[in-house]
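Sequences are here, hints too, so could you generate the full structure?
So you can see what is in the structure, the chains are spelled out below.
Number of protein chains: 2
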Amino acid sequence: MKIQTFLKVSVILSAVLLADSSVNVIFADAMESAYKPKTHVLKANSETVRWGNIGKGDPALTVQSGDIVTVEAITHHSGDDYDRMIKGDAGVEDVFHWIEGEKNEALRGPGVHILTGPIAVEGAEPGDVLEVKILDMKLRPNGNDQYAGKTYGVNAAANWGYLYGDMVEEPKKREVVTIYEMDTEGGTDYATAVYNYKWTVQTDPDGQVHPTIDYPGVIVDHNTIDKNFDVLKGIKIPVRLHFGTMGVAPKEADIVDSVPPSYNGGNVDDWRITEGATMYYPVSVPGALLSIGDPHAGQGDSEINGTAIETSVTGDIQVILHKKATLNQKLSGLSFPLLENEYEWVVHGFSYANYLEELGASAQTDIFKNSSIDKAMKDAAHKTKDFLMAGMELSEDEAYSLMSVSADFGITQVVDGNWGVHALIDKGQFGDSERKAVGLRSSFESFGAKVSWKPTTQTVTISYNNNVLEMKVGATTGMYNGEIVKLVAPIEVVKEKVQVSEYFAKFYKAKLSKTE
Amino acid sequence: MKIQTFLKVSVILSAVLLADSSVNVIFADAMESAYKPKTHVLKANSETVRWGNIGKGDPALTVQSGDIVTVEAITHHSGDDYDRMIKGDAGVEDVFHWIEGEKNEALRGPGVHILTGPIAVEGAEPGDVLEVKILDMKLRPNGNDQYAGKTYGVNAAANWGYLYGDMVEEPKKREVVTIYEMDTEGGTDYATAVYNYKWTVQTDPDGQVHPTIDYPGVIVDHNTIDKNFDVLKGIKIPVRLHFGTMGVAPKEADIVDSVPPSYNGGNVDDWRITEGATMYYPVSVPGALLSIGDPHAGQGDSEINGTAIETSVTGDIQVILHKKATLNQKLSGLSFPLLENEYEWVVHGFSYANYLEELGASAQTDIFKNSSIDKAMKDAAHKTKDFLMAGMELSEDEAYSLMSVSADFGITQVVDGNWGVHALIDKGQFGDSERKAVGLRSSFESFGAKVSWKPTTQTVTISYNNNVLEMKVGATTGMYNGEIVKLVAPIEVVKEKVQVSEYFAKFYKAKLSKTE
Numbered sequence: 001m002k003i004q005t006f007l008k009v010s011v012i013l014s015a016v017l018l019a020d021s022s023v024n025v026i027f028a029d030a031m032e033s034a035y036k037p038k039t040h041v042l043k044a045n046s047e048t049v050r051w052g053n054i055g056k057g058d059p060a061l062t063v064q065s066g067d068i069v070t071v072e073a074i075t076h077h078s079g080d081d082y083d084r085m086i087k088g089d090a091g092v093e094d095v096f097h098w099i100e101g102e103k104n105e106a107l108r109g110p111g112v113h114i115l116t117g118p119i120a121v122e123g124a125e126p127g128d129v130l131e132v133k134i135l136d137m138k139l140r141p142n143g144n145d146q147y148a149g150k151t152y153g154v155n156a157a158a159n160w161g162y163l164y165g166d167m168v169e170e171p172k173k174r175e176v177v178t179i180y181e182m183d184t185e186g187g188t189d190y191a192t193a194v195y196n197y198k199w200t201v202q203t204d205p206d207g208q209v210h211p212t213i214d215y216p217g218v219i220v221d222h223n224t225i226d227k228n229f230d231v232l233k234g235i236k237i238p239v240r241l242h243f244g245t246m247g248v249a250p251k252e253a254d255i256v257d258s259v260p261p262s263y264n265g266g267n268v269d270d271w272r273i274t275e276g277a278t279m280y281y282p283v284s285v286p287g288a289l290l291s292i293g294d295p296h297a298g299q300g301d302s303e304i305n306g307t308a309i310e311t312s313v314t315g316d317i318q319v320i321l322h323k324k325a326t327l328n329q330k331l332s333g334l335s336f337p338l339l340e341n342e343y344e345w346v347v348h349g350f351s352y353a354n355y356l357e358e359l360g361a362s363a364q365t366d367i368f369k370n371s372s373i374d375k376a377m378k379d380a381a382h383k384t385k386d387f388l389m390a391g392m393e394l395s396e397d398e399a400y401s402l403m404s405v406s407a408d409f410g411i412t413q414v415v416d417g418n419w420g421v422h423a424l425i426d427k428g429q430f431g432d433s434e435r436k437a438v439g440l441r442s443s444f445e446s447f448g449a450k451v452s453w454k455p456t457t458q459t460v461t462i463s464y465n466n467n468v469l470e471m472k473v474g475a476t477t478g479m480y481n482g483e484i485v486k487l488v489a490p491i492e493v494v495k496e497k498v499q500v501s502e503y504f505a506k507f508y509k510a511k512l513s514k515t516e
Numbered sequence: 001m002k003i004q005t006f007l008k009v010s011v012i013l014s015a016v017l018l019a020d021s022s023v024n025v026i027f028a029d030a031m032e033s034a035y036k037p038k039t040h041v042l043k044a045n046s047e048t049v050r051w052g053n054i055g056k057g058d059p060a061l062t063v064q065s066g067d068i069v070t071v072e073a074i075t076h077h078s079g080d081d082y083d084r085m086i087k088g089d090a091g092v093e094d095v096f097h098w099i100e101g102e103k104n105e106a107l108r109g110p111g112v113h114i115l116t117g118p119i120a121v122e123g124a125e126p127g128d129v130l131e132v133k134i135l136d137m138k139l140r141p142n143g144n145d146q147y148a149g150k151t152y153g154v155n156a157a158a159n160w161g162y163l164y165g166d167m168v169e170e171p172k173k174r175e176v177v178t179i180y181e182m183d184t185e186g187g188t189d190y191a192t193a194v195y196n197y198k199w200t201v202q203t204d205p206d207g208q209v210h211p212t213i214d215y216p217g218v219i220v221d222h223n224t225i226d227k228n229f230d231v232l233k234g235i236k237i238p239v240r241l242h243f244g245t246m247g248v249a250p251k252e253a254d255i256v257d258s259v260p261p262s263y264n265g266g267n268v269d270d271w272r273i274t275e276g277a278t279m280y281y282p283v284s285v286p287g288a289l290l291s292i293g294d295p296h297a298g299q300g301d302s303e304i305n306g307t308a309i310e311t312s313v314t315g316d317i318q319v320i321l322h323k324k325a326t327l328n329q330k331l332s333g334l335s336f337p338l339l340e341n342e343y344e345w346v347v348h349g350f351s352y353a354n355y356l357e358e359l360g361a362s363a364q365t366d367i368f369k370n371s372s373i374d375k376a377m378k379d380a381a382h383k384t385k386d387f388l389m390a391g392m393e394l395s396e397d398e399a400y401s402l403m404s405v406s407a408d409f410g411i412t413q414v415v416d417g418n419w420g421v422h423a424l425i426d427k428g429q430f431g432d433s434e435r436k437a438v439g440l441r442s443s444f445e446s447f448g449a450k451v452s453w454k455p456t457t458q459t460v461t462i463s464y465n466n467n468v469l470e471m472k473v474g475a476t477t478g479m480y481n482g483e484i485v486k487l488v489a490p491i492e493v494v495k496e497k498v499q500v501s502e503y504f505a506k507f508y509k510a511k512l513s514k515t516e
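Respectively, the protein sequence lines represent chains A and B. Following full-length UniProt numbering, the numbering of the first sequence begins with 1 at its first residue and continues without gaps. Following full-length UniProt numbering, the numbering of the second sequence begins with 1 at its first residue and continues without gaps.
Everything labelled a hint here was simulated from the structure, so no lab data went into it. Treat the numbers as computed from the prediction; the structure is a model and nothing was measured. Where is the CB? At the ideal position from N, CA and C, for every residue including glycine. You may find that some hints are simply not true.
[Claimed, not checked] Computed, partial: chain B to chain A, Cβ under 8 angstroms:
(1) Val41
(2) Asn155
(3) Ala157
(4) Leu163
(5) Met167
(6) Val231
(7) Lys236
(8) Ile237
(9) Gln299
(10) Thr307
(11) Ser372
(12) Ile373
(13) Asp374
(14) Asp397
(15) Glu398
(16) Val485
Okay, here's the thing in structure tokens:
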């Protein structure tokens with residue numbers, strides 16, 4: 001009886017799905033459909049990365065709005081285990097190449113992160129907003145056959161960590177590096193610790209002595225360290241792949257330390273900046289100049305000891321330029337890095353909303369003396385209220401009440417000089433106005449994708465551009481080109497139609513648009 | 001083919017489930033099984049509540065370890081809409097009864113919350129730990145036929161709110177009350193706003209004038225206010241029923257303001273203190289003296305405008321006394337209110353870990369001048385590290401690394417004087433040592449419950465003590481005595497056995513132990 005019902009429903013669904021062919025308005029945008037996005041590949045090497053600077057500079061790549069970029073991002077902590085994280089990987093070796101008198105990244109500093117880019121976006125001007133969709137993130141295979149199939153990451157309890165010196169065991173002012181291991185292919189499940197070691201004095205190729213981790217990326221001489229393999233036994237850290245640093249160049253200075261995040265994004269260190277998420281950045285220089293790096297395999301809100309699981313990742317992103325004159329109410333006047341995903345809007349506040357402007361000429365040193373969660377909370381509170389008022393058309397009293405009864409404020413990081421507090425705003429509470437349901441078939445067919453439905457397994461298959469996405473009703477994972485992927489949301493059957501959110505439809509349209 | 005497999009698996013499961021009858025060690029505790037828990041009912045009225053004081057006092061009820069208490073908790077904001085939140089409800093009317101020269105709660109103050117209790121636990125002594133499992137939470141029906149089927153709640157943007165006076169619209173220093181409505185029975189889904197009003201000067205029955213909300217609970221004269229019904233139209237706030245205030249009496253003072261939370265719990269205002277959660281409190285006075293109140297229907301982390309959706313709730317709790325000599329490594333020396341649920345440990349930090357001790361004789365006024373998230377973060381960071389070291393037997397370096405790569409720090413509240421930061425620690429990452437899987441059948445049969453399995457629907461039914469719990473494999477909700485309930489976790493089939501976590505088994509053992 002139950003089984004018969006199941007079959008019957010499936011047959012009905014099949015019929016309904018085929019009938020659902022109305023053209024969906026969200027894809028009717030003429031500008032969007034006129035241009036067929038290109039896919040670019042931006043490999044990381046000493047020519048395509050900058051080390052420590054998120055300021056203005058010559059683009060490593062120029063793209064048009066709508067284009068997709070496969071971008072390699074390399075961790076600046078790779079030197080903590082040369083064998084597992086540099087050796088045999090030509091790109092990483094090139095970036096890290098430094099022998100006496102020969103340093104490929106000669107302009108390292110003032111910050112610490114290896115940033116791929118900048119990517120210039122044609123036509124981007126101050127006042128515009130740059131949207132960046134993260135379509136895919138994959139761990140970078142390590143290049144050493146000895147460790148085939150594994151990718152390694154580093155967590156460094158560093159001198160800029162929140163409890164540095166404030167410890168129980170001696171020496172209180174110690175730095176400890178923990179090496180984590182992940183399956184490169186299995187990918188997004190968990191990390192385990194391999195060993196840890198206390199930082200020892202290191203001398204770089206130019207003879208400079210580093211008693212602390214004052215210059216991340218120095219190749220650690222493993223003859224000077226004691227490896228302790230008895231570390232976090234049996235513990236499986238959930239993997240949360242994300243870009244610690246992604247943002248556009250700020251207008252206030254030419255050379256800008258990559259460490260403090262600000263209105264232009266940068267080192268926001270929010271683990272939600274992951275596959276399936278979309279970032280919006282206010283453009284303040286011509287071309288926008290997007291930089292990407294500091295990839296993380298796992299981080300908690302606060303990044304308390306100074307770092308995440310720092311690893312190398314290759315991502316697919318799509319960049320979409322929103323011109324100032326056409327900005328919607330959420331993006332008009334945007335003054336901070338805004339995150340959207342299937343379920344949430346995330347507002348990012350900082351101790352200083354724009355520290356370069358607020359702290360003046362000595363901003364890049366002073367910011368590290370003025371770190372405060374209290375200040376970041378005040379900033380996040382105001383931004384959240386403003387966002388709800390302008391973006392959701394609420395009165396101030398409505399916005400303030402809604403924030404109190406349903407917005408969650410968390411501590412993004414307390415280690416990047418300009419400390420962060422973020423607010424999570426549930427899109428679902430606004431119903432259709434923020435989480436609009438659309439018919440799956442009509443959404444995807446409207447741009448030429450082929451949609452098919454297998455009633456026996458309740459599986460939808462979407463083909464476009466030689467890419468294939470398969471999803472089962474209600475499942476949290478699907479298959480993308482034969483690989484298991486976490487879906488931004490399960491597909492649902494509502495009133496006998498397969499429905500997804502508008503966000504979902506746009507996201508997978510972008511993902512399927514990638515070409516080889 | 002697919003369907004045949006389904007049937008086959010079901011039959012196998014059925015057989016396996018019946019065979020799974022090994023005695024489970026977790027229920028072998030002789031002390032626990034020797035005593036058959038009683039169920040008490042603690043109704044709220046002027047005899048059984050205290051208003052504003054979480055200090056020592058005569059118990060409203062005395063229970064034994066293991067007992068279950070159905071406890072009524074009343075919101076102190078009921079006076080903001082007398083018709084919807086007081087009228088016709090004998091208990092609430094009794095608590096709020098105040099005419100000139102006749103005030104049932106004559107000892108109101110120094111804080112604001114109506115707290116049911118205290119509940120004394122026989123044999124509790126300083127150094128012990130009191131465990132409180134929240135087995136059930138239900139909205140309290142309102143007593144006015146005019147509003148039958150609905151329960152109302154109040155969100156007050158109050159003078160103690162985080163952005164008070166720091167507004168865009170005039171008057172900047174305004175207080176705004178928003179009335180929310182919920183289905184009493186449908187219950188745990190969403191709340192909608194009904195109307196809001198600006199606070200007007202109110203005069204209490206003793207002639208005292210209240211230009212601001214300086215004494216919550218004064219019955220607002222609705223002839224003095226303007227109701228604005230155009231508020232948050234179409235928005236459905238997710239309901240998160242929880243107790244804003246729950247805790248034991250601290251030893252440092254006799255009369256203790258209910259507003260600032262501290263090591264003894266109290267007004268922690270973490271929305272995770274909800275059905276399915278377990279709290280652990282350090283006992284510091286004989287009998288522990290547990291107070292419960294300040295029920296909320298919805299709150300975000302930070303409770304930014306000063307209040308949540310303040311409503312009245314009836315809960316079932318189980319209290320379990322852990323004697324000092326028998327404390328396990330997580331509870332030994334516990335110095336803060338610790339939360340556990342199916343998936344997480346939650347550590348609560350405050351600006352001052354024990355403000356009564358740290359700030360001395362004037363602590364109860366000084367705490368409001370020393371509020372700081374930065375201080376609360378420092379406290380939460382240390383407590384989290386200590387908890388991981390003692391509770392999970394990690395070295396300091398392991399604990400510090402794990403915190404950075406996987407613990408999420410959030411801002412609990414910024415409105416209770418002693419501000420809060422909490423850390424979420426994922427239990428799953430520790431595997432069996434923190435989230436142990438046990439056989440469902442053996443767990444429940446070990447204390448005499450009857451377990452049955454229906455293969456056609458993959459449904460487990462557990463009967464005990466005239467209570468019946470039904471759950472389908474993989475479902476997030478089940479049926480409890482005929483009502484839909486959110487499960488603490490879905491039941492799973494692992495290696496052809498129905499498995500649950502040890503936490504799940506203990507929780508539902510307690511829930512099923514309630515008698516009429």
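Verification of the hints:
no.	hint	verdict
1	Val41	violated (30 angstroms)
2	Asn155	holds (5 angstroms)
3	Ala157	holds (5 angstroms)
4	Leu163	holds (6 angstroms)
5	Met167	holds (6 angstroms)
6	Val231	holds (6 angstroms)
7	Lys236	holds (5 angstroms)
8	Ile237	holds (5 angstroms)
9	Gln299	holds (6 angstroms)
10	Thr307	holds (7 angstroms)
11	Ser372	holds (6 angstroms)
12	Ile373	holds (5 angstroms)
13	Asp374	holds (5 angstroms)
14	Asp397	holds (5 angstroms)
15	Glu398	holds (5 angstroms)
16	Val485	violated (21 angstroms)
Of the numbered hints stated above, those contradicted by the structure are hints 1, 16, listed in ascending order.
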